[in-house]
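K.L.:
Sequence:
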Amino acid sequence: MDMGDIAGNPIAQLAFLVLSAAGGYKVWRAQQPTEAKERADSSGQIAALATWKELLEGERAARVKAEERADKFAAERNEALEQVWEMKGQLKAMNENLATHMAELGSLRDQVRQLQEQIHAQ
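Last residue of the sequence shown? That's 122 in UniProt numbering, and every number before it is there in order.
No lab work stands behind these hints, which were simulated from the structure alone. If a hint is listed, it holds; no wrong ones were tucked in.
Listed below are the simulated DMTMM-like cross-link pairs for lysine to aspartate or glutamate, each with C-alpha atoms no more than 20 Å apart in a straight line: (1) K92 with E82; (2) K65 with E54; (3) K72 with E82; (4) K65 with E76; (5) K26 with E38; (6) K92 with E104; (7) K88 with E76.
When you get a sec, could you build the whole thing from the sequences and use the hints?
P.N.:
Below is the structure:
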């Protein structure tokens with residue numbers, strides 16, 4: 001179709017207008033699914049972000065609980081170590097006391113032996 005034919009022919013002008021409208025409509029319809037997909041993709045990303053946020057909050061809560069358990073364990077361990085060191089100190093004192101008593105017992109045995117010898121010697 002020549003442009004000169006369209007200018008003087010109203011049917012050609014109408015056909016050109018209809019074809020132009022149809023082409024425009026086709027282009028518009030081709031873009032519509034893309035926009036819907038973009039909206040769906042945006043909605044999906046928003047949903048994914050919400051899910052990730054929930055997972056992150058859950059992980060943070062789990063980490064806080066784990067840190068609390070670790071702190072409690074460390075406190076219990078430190079308390080147990082203090083008790084062990086106290087017991088070591090008590091054991092050392094008892095060993096020293098036992099050594100003193102053993103030495104005293106040895107000297108008392110010597111005295112008893114000397115007294116028995118004196119009794120038997122008479």
